[in-house]
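Take each chain as given, in its own frame, and dock them per the hints.
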Amino acid sequence: MLLKSLELKDFRQFKGVQKVEFSTDLEKNVTIFMGGNGSGKTTIAQAFTWCLYGNTDFNDKEVFCKATGAGLGANERDYVKVTVRLLHNDREYTIRREQAYKKDVNGIVKPASQTTLSISFKSEDGQTVFEKQTDIEGRIKEILPIELSHYFFFDGERIDKMSKDITKGKSPDFAEAVRNLLGLSAFIAAMDHLNGKGQRKSVIKSYNEEYDGSSDAELIRINNDIKMMESEILSIDERIDEIDIERENAREEINRLKEQIRANAEGEELEKEREQLLHSISNRNDRIKDIKSLLIQRFNREAPGFLSRKLIQDALLGLSESDNLDKGIPDIHAKTIEYLINRGHCICGTHIKDSNDAYKHLQDTLKYIPPQSVGSAINNFTNECENRMNNSDLFFDSFISQFKEIRTEENNNIEDEERIHQIDNILKGLKHVGKLQESLMRFEKLDRELEDQSKKLLMKKGEINSKLNRESSLRKEMALKDDNNRRIETYKAYALYMYNTLYEMYAKKENETREKLQRAVNTIFKTIYNGGLSLSIDEQYDIQITVMDYNGYSDKVETSTAQSISVILSFIAGIIKLAKESTANDNGDEFLTSEPYPLVMDAPLSAFDKTRIKTVCEVLPNIAEQIILFIKDTDGDIATSYMENKIGQKYVLDKHNELESYIVLEEV
Amino acid sequence: MFDKEYAFRGKHADMVTRLTTPFGRNNVKLFERVIDAYIMAPLVGFLYSKKADLDKSEGDKKIFLEQISKNEKTLWLTYRLIMLLDAKHAPDLEERIDKAFRHYGSDKAFTDESLFEEYVRGGIEVLHEKLIESSKKEEDYLENLFNFIDDINNRYSKEVDIDSIYDLCRTART
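In order, the protein sequence lines correspond to chains A and B. Numbered according to our numbering, the first sequence terminates at residue 668, and the numbering increases by one at each position without gaps. Numbered according to our numbering, the second sequence terminates at residue 1174, and the numbering increases by one at each position without gaps.
One chain only, chain B, in its complex shape (with noise of 0.2 Å):
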């Protein structure tokens, strides 16, 4: 994985190009490059929970392999956090850490990585549906943009204590 081109296909595609064409009187793209998106799509998806199958209609939006490449670290992160959290997945930590830190790569990843897929074009739905659907004028994609992120925010940032993120990591080094 995350070592040849990819591509959005169908219905994917299609939000994908909404997502990353200029829009209003300033030429704004909410997101600059399509690897953009695809770096953040499977995040929301995670956290939405949203998964979507993959639509084989006409159409796709390409990554190039040299994008993918620059990217890979962010891409693999992205890829063990949620093989880590996703307990619908697999229940077993032991085993979800295996299929972050043991499998990846390998072919028993298989279902792992159209796990991943599956997140990333629901995180691309969501993108499309909080962002773009309904926008009608540069005002409503910043704003929508604002409110998805005071949504996350609202959601988590209660939750997420920054000190202690630190914390744990320090203790994971030692």
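This is chain A alone, in the form it adopts within the complex (with noise of 0.2 Å):
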């Protein structure tokens, strides 16, 4: 970076538009502002910081000329603008910032806006071309970060607080700048880029959230899974097999069976008939006992009829034979006469009495009636002999039908007996229907589970299946997350084999580097402070000031101002000497990129003796390729005698009052 112009529009005491020329030249390469005490060096020094960051270091924030304010009416607005024009990267840049202020009804002036950047250069075919408001930031670092910005433009006035900013605690920011200054920083933005620390994304970091780290441990369940499914579907394939010869056991019991039952169904019509029979037989038996209690009715009743026939016909051929049957009155005995005559009167009433006629009569009558005459007795004996008669010779043959009878059915109770019994032989070879039927049922139903159990069986293995189908895809993405996660690693090795590598190099370009800048700064810094000091710079390029003892022992040292200010300085100008040697000496180390960079210097020379100023007059100018020199009247000769002809430029700066200075260009 080289300046090549300032242009203050209202800039703190520098009242309306003011604008210096850097010079440029290569060998006049440095420009100088002189001016008493209040006059605007440290302002326009500033005038850089507010341009390129916005702020200033002074207590009063506000930049806006208050003499242009003092001359604003109320309500009315002006602004103030910083325009610094630059080279970098043999870019011409022009960055301009501004801010608007008005004053208010109370005559007081107050920002209006925030202040506003903007940064533009010009194209290659000459087109002006702005920066992008969200580039603006990265270009400003790229040309100078804040951080290095306080060496660069070097306020001298702060001595104490840079030497100890440069001895210790600075930020790891100053320490990158540093790097990147010294060209490193190619080497820093591609480890960023590699593995960066912090929130950004880096590649290995994006990496690493690409590698899926659980799908080993899922892989790992989904394979036991798979396992187990799988065994479980064998173990469930198998039972299934023995379900099929069970139930094909149990179907060959059910049609054998069935085959017994049909054949046992003539044996349910033989019960039936054995039960018919039994039927019969117990009817039969009912009846002949029937028969037989008539049978003996007719034998009480009849027999005596029967066994008395013969008698009966002997009997009354014998009285036949004899004159003994007469016709006498039947059923009158002579005790009934011998009474008749005792009464004195008969039945119909005719007195009977001694002698008369129907006294003879009936003594006549005696003759043919019992006991005189057997006649009538006869008589009735053969009217009961008739009687006895009756029906006896219908006895026999009933006798014998009945009997007959009772033998035909006793013989049939015995046919059917003998049924009965043969049926008995066959049912005998026969199982119960019944039981046949039960055992039947049994096994139906025994197959109907087993049925039942492999249909549940074929589900459950429908469910493992479409599950063992869900988890082995899921095993297949779980393999090709593997594949990722492989890949990934592959590339992670690589972006970090990548970044071991520039590390390597990296940290042996920095060391050498920062042992280069160490010599560079120890050079400078002896030439333009002499004593038996040194100073080191570690890694985080603090600065260790040490006191070179003869016998080897060093020790760290308390420094005096003047020592500071030549640390300060000789760490700028060794670290500008340093850019510079890179750009020129293009080495072919296409790792190291570099900028030549100005030095701006509000310097108290006066803190030097004149041994010293002289010194620096001769060295800086021959380090930092441009040098921005604000120095006090009363150094000013001084200054322009040691470096009479390195002065490319020369301004005075004058001072009109406390509110307004203006700068005037001298001739050199």
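Don't read these hints as lab results, they were simulated from the structure. Just to be clear, a hint being listed does not mean it is correct.
[Stated by the list, open to error] Using 27 Å as the maximum straight-line C-alpha spacing, the simulated DSSO-like pairs for lysine-lysine come out as follows:
{"id": "1", "chain 1": "A", "residue 1": "K289", "chain 2": "B", "residue 2": "K1073"}
{"id": "2", "chain 1": "B", "residue 1": "K1158", "chain 2": "A", "residue 2": "K404"}
{"id": "3", "chain 1": "B", "residue 1": "K1073", "chain 2": "A", "residue 2": "K335"}
{"id": "4", "chain 1": "A", "residue 1": "K289", "chain 2": "B", "residue 2": "K1130"}
{"id": "5", "chain 1": "A", "residue 1": "K404", "chain 2": "B", "residue 2": "K1136"}
{"id": "6", "chain 1": "B", "residue 1": "K1136", "chain 2": "A", "residue 2": "K289"}
{"id": "7", "chain 1": "A", "residue 1": "K289", "chain 2": "B", "residue 2": "K1137"}
{"id": "8", "chain 1": "B", "residue 1": "K1004", "chain 2": "A", "residue 2": "K335"}
{"id": "9", "chain 1": "A", "residue 1": "K61", "chain 2": "A", "residue 2": "K655"}
{"id": "10", "chain 1": "A", "residue 1": "K335", "chain 2": "B", "residue 2": "K1070"}
{"id": "11", "chain 1": "B", "residue 1": "K1137", "chain 2": "A", "residue 2": "K404"}
{"id": "12", "chain 1": "A", "residue 1": "K632", "chain 2": "A", "residue 2": "K610"}
[Claimed, not checked] Simulated coverage check for chain A against chain B, where a stretch passes if three residues somewhere in it have a Cβ under 8 Å from a Cβ of chain B:
{"id": "13", "segment": "292-302"}
{"id": "14", "segment": "309-319"}
{"id": "15", "segment": "379-386"}
{"id": "16", "segment": "396-410"}
The structure displayed is predicted, hence computed values, not measured ones. C-beta: ideal position from N, C-alpha, C; glycine also.
In structure tokens:
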């Protein structure tokens, strides 16, 4: 970076538009500003800071020219603007910052807006290109990081603070900025890209995010699940096979039982017949009982007649041969007649007395009635015989017929009983159909249960299979993920390898660069500050000042103000020198890129003794490509005399009053 | 005679008991009542010429007067038949007629009545022998009864002419 010009518009005491051109001549590379106290030396130096970073080190943060502000009417607006033109990476940039101010009704001037920054550059074809607002910050950082700005826009009045800063407690950003300045930015960017720290996404970080750490454990789990499900399916299949065999056996048994039951249907018929036979026998027995009863009754009632037949026949024959059959009055006994005679009157009422006709007639009747005559008795006897004979001729036939009936029925019973015996023998060989039916039902139930079991198992198998399919495809995915992981691992390994390689190279380069810087700084330091002191630069680019003892004994020492300034100057000059060398001697090291830098120094030369002023004035212009020096009037002559051949531009700051200063160009 | 209760004695009482005791699964009795045996017995005794003396040993089987009275005519008919036909007892017909029709129920009838009783007891013995003694089961009783009836039939049916009996009856009445 080389500064070309600075244009101020109402920036603090520099009222209106004032412009300075800086010397960019390679030989006469020094631009001097001279002025008394309060003339605006520091203000001009701060104008760069304000323009580039929007801030100043002033206590009063309002940068609008108070003189201009005083001239504003109520509600009138004006603005402050600083324009810096500079060369960076062979491109001319115009950097402009401005801020509006307004005077309120109370006459107080206040900012009316935020500051606005714009960066434009000339493209190769001469067109003006404005940086996008989003790129501006990065561009500024690239041109000159704020962390280093203090060293390049060097405020001598703050030596103490800077000295402390430079020896210890600098931010990590400082070291990085130094590294950038020293041309290590490409390394840093590459390393940052590969394995950057912080929130930003680096290559390795993004690989880590892509890497699915859980997939391995998940894959193991899925594999285990699949194994379990496969073995479950295997055992289900085995059980189904078993069930098939069991069902086959059950169905065989069912068929066998059905066959038996068919065969035994005949048995059922026989059972029926048997029942019928038993029923017939029972009926017959009842009948036999009835007939027997009738037979006995007949025997009791009619047998006497039957037995009497021969007797009656013989008796009647005998009587018929005798003369005893007569015509007596039936059932009239001699006692009846004797009773009537004794009574004196007949049944018909006729009076009976001795010798009357009735008496004589009755006496005569006695001859024909018992006991004198048996005729009537025989007559009665005959009638009774006849009665007894009644039906006696039928007795035998009836008796025989009934007896035969009994015998027939009994024979029928015997036949039936024989048949029953036969049936019993047949049925003995046959199982009871009911029992068979029971067994059949049992086996049919078993068959149904087995079928149910089989169906359930098949359903379960289906469920497991679909789960298995899901898990299998998941496993495929996992395997792919696994592949992905492997790929990522590979990529990550490459990235890490690249990072490590770069880091090694970077570390080496950085170390070399730091050593170079240390040497350069020491060389410069020794030139501008002679004494037994040396500087060392640690990894954080902190500078340690050590006393070089003749016996090789070294120790840290307290520094004086002059020492501090020397250290700072040496450090900055060293950096600038290194940067310049790196650019100038394009040594083919493609990893190192760098840029020349100016040294803008609000230098308190008065802090040095004359010898040192001379040294500083001689050394710095040879180291830095551009020197912009703000010096007091009192030091001006000394500086001018020491740098006479180097001064390209010279300005005097003319202080009109406390609120107004003007930059006046002087002839060199 | 036949005007008071009657009792079988001794072995005859036992026999009558057996003849009137139900047998077999159908509870069949050969004689429904003792009177039935009493009515049958003299006929059988006479037909089989079987008389038996009174057995005075223990046991009796009574027939009440009421039953005797109800069957009085039947019993007298049998009495008269026996009296008319037992030629051994009285070889002369006229005497037998007197026994049957004149002397019955009188003092003269004592031997006749004893004879009747002997036939009664003899008949009981025949019935017992033929129907009971050889019987072991129900079928045997019936078989024996059948054989007994058949035997009677075989013996007399050829000699008996029912028509001639009725003719004799008509002749006797005229």
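Contradicted hints - numbers only: Number 1 only.
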